[in-house]
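Engineer: Listed here are the chains, written in short residue letters.
4 protein chains.
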Amino acid sequence: MKTGRHFLFVPGPTNVPDRVLRAMDRPMEDHRSSAAPEMARSIFPDLLKVFGSANGQAFIFSGSGSAMWEASLVNALSPGNRVLAVRNGQFSTLFIDTAQRLGLKVDVIDVEWGDAVPAARVGEMLAADTAHGYKAVLVVHNETATGVTSDIAAVRRAIDAAIHPALFYVDGVSSVASLDFRFDDWKVDFAIAGSQKGFMMPPGIGFLCVSKKALGLLDQAKCPRAFFDLRDQIKHNAEGYFPYTPPIAHLFGLRAALDLLFEEGLANVAARHHRLGEGVRRAIAAWGLKLCALDPKIYSDTVSAVVVPDGLDAKKVIDIAFRRYNLSLGGGTGRLVGKVFRIGHVGDINELMVLGALSGVEMALNDAGIPVTLGSGVAAAQQWYRETATG
Amino acid sequence: MKTGRHFLFVPGPTNVPDRVLRAMDRPMEDHRSSAAPEMARSIFPDLLKVFGSANGQAFIFSGSGSAMWEASLVNALSPGNRVLAVRNGQFSTLFIDTAQRLGLKVDVIDVEWGDAVPAARVGEMLAADTAHGYKAVLVVHNETATGVTSDIAAVRRAIDAAIHPALFYVDGVSSVASLDFRFDDWKVDFAIAGSQKGFMMPPGIGFLCVSKKALGLLDQAKCPRAFFDLRDQIKHNAEGYFPYTPPIAHLFGLRAALDLLFEEGLANVAARHHRLGEGVRRAIAAWGLKLCALDPKIYSDTVSAVVVPDGLDAKKVIDIAFRRYNLSLGGGTGRLVGKVFRIGHVGDINELMVLGALSGVEMALNDAGIPVTLGSGVAAAQQWYRETATG
Amino acid sequence: MKTGRHFLFVPGPTNVPDRVLRAMDRPMEDHRSSAAPEMARSIFPDLLKVFGSANGQAFIFSGSGSAMWEASLVNALSPGNRVLAVRNGQFSTLFIDTAQRLGLKVDVIDVEWGDAVPAARVGEMLAADTAHGYKAVLVVHNETATGVTSDIAAVRRAIDAAIHPALFYVDGVSSVASLDFRFDDWKVDFAIAGSQKGFMMPPGIGFLCVSKKALGLLDQAKCPRAFFDLRDQIKHNAEGYFPYTPPIAHLFGLRAALDLLFEEGLANVAARHHRLGEGVRRAIAAWGLKLCALDPKIYSDTVSAVVVPDGLDAKKVIDIAFRRYNLSLGGGTGRLVGKVFRIGHVGDINELMVLGALSGVEMALNDAGIPVTLGSGVAAAQQWYRETATG
Amino acid sequence: MKTGRHFLFVPGPTNVPDRVLRAMDRPMEDHRSSAAPEMARSIFPDLLKVFGSANGQAFIFSGSGSAMWEASLVNALSPGNRVLAVRNGQFSTLFIDTAQRLGLKVDVIDVEWGDAVPAARVGEMLAADTAHGYKAVLVVHNETATGVTSDIAAVRRAIDAAIHPALFYVDGVSSVASLDFRFDDWKVDFAIAGSQKGFMMPPGIGFLCVSKKALGLLDQAKCPRAFFDLRDQIKHNAEGYFPYTPPIAHLFGLRAALDLLFEEGLANVAARHHRLGEGVRRAIAAWGLKLCALDPKIYSDTVSAVVVPDGLDAKKVIDIAFRRYNLSLGGGTGRLVGKVFRIGHVGDINELMVLGALSGVEMALNDAGIPVTLGSGVAAAQQWYRETATG
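First to last, the sequence lines map onto chains A, B, C and D. Reminder that position 252 of the first sequence reads as 251 in numbering that gives the first Met the number 0, one-by-one numbering, no gaps. Reminder that position 370 of the second sequence reads as 369 in numbering that gives the first Met the number 0, one-by-one numbering, no gaps. Reminder that position 190 of the third sequence reads as 189 in numbering that gives the first Met the number 0, one-by-one numbering, no gaps. Reminder that position 219 of the fourth sequence reads as 218 in numbering that gives the first Met the number 0, one-by-one numbering, no gaps.
In short, the hints are calculated from the structure, not lab data. Here the structure is a predicted model, which means the values were calculated and not measured. Possibly wrong hints are sitting among the right ones.
Since copy identity is lost for identical chains, a pair holds within one copy or between any two.
[Stated by the list, open to error] Under the rule of at most 30 Å between Cα atoms (straight-line distance), these lysine-lysine pairs were calculated in the DSBU-like manner:
{"#": "1", "residue 1": "134", "residue 2": "221"}
{"#": "2", "residue 1": "289", "residue 2": "211"}
{"#": "3", "residue 1": "314", "residue 2": "234"}
{"#": "4", "residue 1": "289", "residue 2": "315"}
{"#": "5", "residue 1": "338", "residue 2": "234"}
{"#": "6", "residue 1": "1", "residue 2": "296"}
{"#": "7", "residue 1": "296", "residue 2": "221"}
{"#": "8", "residue 1": "212", "residue 2": "315"}
{"#": "9", "residue 1": "314", "residue 2": "211"}
{"#": "10", "residue 1": "221", "residue 2": "104"}
{"#": "11", "residue 1": "289", "residue 2": "104"}
{"#": "12", "residue 1": "186", "residue 2": "1"}
{"#": "13", "residue 1": "1", "residue 2": "211"}
{"#": "14", "residue 1": "1", "residue 2": "48"}
{"#": "15", "residue 1": "186", "residue 2": "338"}
{"#": "16", "residue 1": "234", "residue 2": "315"}
{"#": "17", "residue 1": "315", "residue 2": "48"}
{"#": "18", "residue 1": "134", "residue 2": "289"}
{"#": "19", "residue 1": "314", "residue 2": "186"}
{"#": "20", "residue 1": "221", "residue 2": "289"}
{"#": "21", "residue 1": "338", "residue 2": "1"}
{"#": "22", "residue 1": "1", "residue 2": "104"}
{"#": "23", "residue 1": "134", "residue 2": "315"}
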């Protein structure tokens, strides 16, 4: 029998604000009525802003972030197309896997898990590709598996320096709506997002932001597609409708989530994630533990992957935290299973929620045989939060 | 300013019971925790029962019913495969369109919109296909566009009589969880359903029920696929997990919806749909209007498509009902646009809800220049409901 | 197993709009925080407007309408005080009973149940009371038991004509927020209301509106009181607080309900109640049944009490409607038990909800052995609603 | 713009579990229908158990805890009756004030605020009252203002030793449903409770538990009363109904709250409150601060009142915590204003919620100029929670 509120500190799904949950708790409406377009017309422009775009077009699908990988690929590419991708964690691995399953040929730049997208290396590869064989470059903005944020602007500069026409695909699942994301500035062609992280919603819908350049390729793309075909969306969205029954409850929730994001202000949202994330990192440092991320410049403000000492099993920490202290932490994925636990610090959280979670991590670490001084991480985070408090 | 409750009588989304809405209005949970599998393990066996199956396997996807068309096709077929499909309304049309977009060759049996699947004709085509070129037969159990329910058992008998190995695809989007559906008895290979009709949930997730025979073909199927690949689902579902972040709120809702279905009893659910639908039909007859469905034997118990007299526009009836009387009716789709309006009578409804809706239809018809005697349809339905009342 | 939405047509509690229910579904807050006064400061002025007052003061109590009878009496009167009251139904009977229990001497003007407050008779009694022995006049604006609305302005004129200083008590439990109510114009001293009728909220809180004249008497009043003492409320409300822990969830709901009332407009709310109520009355006339209310001029727009033919039991109609047709009707109270059933048409309702309810009444009447032509009442109401439809 | 969940750590209202909030978020029902008694019949026996009674009778009122003081007094006493009361904090002060307002003569045993009910002194007073002039003894079980729990069994023993027939009134507003409460064992005659503390519900309803002895006095009691008259409740409750429109939403919530209490087990609930409260106390000790409660034997497990050093203002701590850290703490009341802040640790909470709150207190104390070592209180509580963790 668990009492009180669970501390959900996985990097997705994140805590859904009551306003969003209540907005979704509403009777259905006819999605084909004459009043229905109001909803879509209210949402799409705001959704576009969250991507940092004025020139692109935003799309909403029933589906997860993984579905959006597929949707982004099949709409602009053709089987056999070569693409260049960076693999620096589990989610970039799965993005590449998706591309391969769909018949694309993927040249992979492998870097250490914990490292960021090597913009220079991408630039070299593209510069060497004088025949413009690469139709696309695939990167993950924020590797949720390792807690690494890559410099997408730098990748863009590298592509530009190589004077290469490849489409620029950026997975922003754990960055859009939480970190600074600049679709237009970075000349992204496909940005991929999901509802369950910075958008603070239940999982179940995915978002794409697509550039005009990419939209010009829809008819040329030969990947077979039906449900994910953007042309159906474009046609129906233009009138405020959807090509199939839209996820109405999620649309209600999205409207509320966008309201929350704009009430706070996107820049403030990013600043808050930095501030809260920095508190988590100071706690980890106080514990004497290391992040999976290799360099402070690439530390993610939405998730921290903490390496447990050799010979110990991070799964034990996670399991104790969950069973004993009402705290959900993220596990290692792929090759990091057992080696790291992850603290998600994304979405609708605040200082005391983080401090409560850090308290729980301290207890679970000790219980799991990883001695850290009780209260030490909390104190380090408190000190930072006091220094940076407003109000 | 609209007051009171809207009367939602489109054939999907349907009215979501408060218990389902409240069940979805709940904080998120870590879908990878050690406790998470309880949810999946509770849901899948019950979901299978709703399909009338003990031997198949049920699957849940973020997506709509349309996504399930794609998921069903790509997992067992290969580009260039020939399939036989019946086209008797807008949804069978779109199912066929999906198959074609995915690279399948579809031989279409066209029948009048309003007619049912011609089992005999299917049998003849299959019998003639001695080379077994048809890899699948595609039919829609309940054509939501025309209000026609086909005899799937008869189609099965025709396939069997032809001694043909084609896979049997049945779209049950507007029949599963509301009409009698017998996956095992009818030897269906892929049954397709969505959350927003008989399941009484918000749109956003789709269901498949897949036969052992079909599951044996997954590795042979050459249609490119990633998000929809059943093999990922099978692998993760076996442990009570999902290959991607599952639609958690919808799973909470599904659990509640399944509880409601079983508390009422699936046979009672079907009987209630028949009883309520028959009241609607008696009202329509009292008005002197015709159904799109050509024969009483194929009248659908979940939706009635009502033909408006020549020269009149059904859209006007729908628009008046919506703006003036707080009533949502379904429109004609495809070639039936303007020719019919549809009354959905599926999901969480009862006598007085139907009678209120029929009252609204009577007023809207008169306002739209289609004179029917006020109260006449209501009285016919009342008489039937009184005769068949219990309690 | 009941499916679909219940038709709640009792004269309170009324249907609570989803916006109100969702507003109440919210975490608690500290009612003594520095931010707490915002809520009270937002609510009280709007609440006052609903009473039709600019000069009075509104109060909110945890309690029911019955509690407000007590609160209104004990704050301005002293044991042994004489008051004049009109008894024309069950609720005026209980109001009088409350006064008597609290030690007041009540002179009762009895009129037939079904009749209104006799303003002339009140005037005569007061004119005869040259010694101003009556400290108060107690009337019920809308007798919920009989469906009778009295002319409060006329009573006021009678009091004025008698040049009598008695306090004017008006029970507006089933009129405030649904019928035209003019606290200031009618020079009411205490108006009594509850949350569960026109305010469209769950029962549990009561409201008073009190005149400056009455507020001047608080210190003179000798009725013992503690919880209901307005002086505590005045002191704390002045700062935006309450003297005890306020009913926070209800305050959230009240804020939402006030928003709904003002979005529609109070005059429109009253007009809607008249229009919907008139439809009910036309149905009753079409059935050949009589109202308990004796004269069309006093028909209530929030509740209709329908007399069943002699020898028949209204409870049977109510019971059948409830068990068989998912419809709640009000019963007779006091001396009207078994003689009438009541249709509440107050709060968050619309045409189709009323028509659905009327359909159910028609079925229940017939089932109970009171033959009315099926559809006849519905048709009469439909005709009226069509004639008066907008949009 | 506040993000994340507020930390509500006042001693009422407490955090309402989602299950309770969702249970209350439900359409209204006719409280006079033939099905309505099921609710009351399900609730009353369970409510009685929460009071630790098998022989008493439980009552539910719309109202607050303060209303229950009045309800308990007026039903068994008469104006001019003498009662003996102990005053050891703000809530006992208000209880006494209520008694006085209602015309009772109260002899007060004053003890230091921070001390408990002096059972021996009560015994002496009663022993000296050989004429049995005291009709009742009034005590507060858990003084919410000072964080002091008195030994009610000892008071009972003192009454018994004095062989005195006075009725025994126990305010259990902040103890029932959270601390061990034994109505029958302690031979309590009136126990008073409210919804917004251990019952984990929104404020708005109050509860009484009344002994058979007290019920025998209802007709003799001469205090004027109407709304609070238990005889009306007894009459209607016997049939499963209420004498006035009951607080339906709260009844739905109460049913859910009772389910939660019994699922956890009342003894476990009390043990959890002790364990969580002890963590709070260890934190306070680690900070070097004192409790208002004078002796460890009387420390309350539901609320701790922390004394700030001389010359400092506790209101500043509270204000900083609220504005800057999203944390609500209780203030001092009555003579303790500015001298203490209170940490409520009652209701639906767990370790990490407490630790998050303690983190916030540490920051707010330092910001307010009361230096405590960051993390020190958290560590002390963590150590205790680890030692006593299960699972």
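Engineer: Need the list of violated hint numbers for this structure, in ascending order.
Structural biologist: Those not satisfied are hints 2, 7, 8, 9, 11, 12, 13, 15, 17, 18, 19, 20, 22 and 23.
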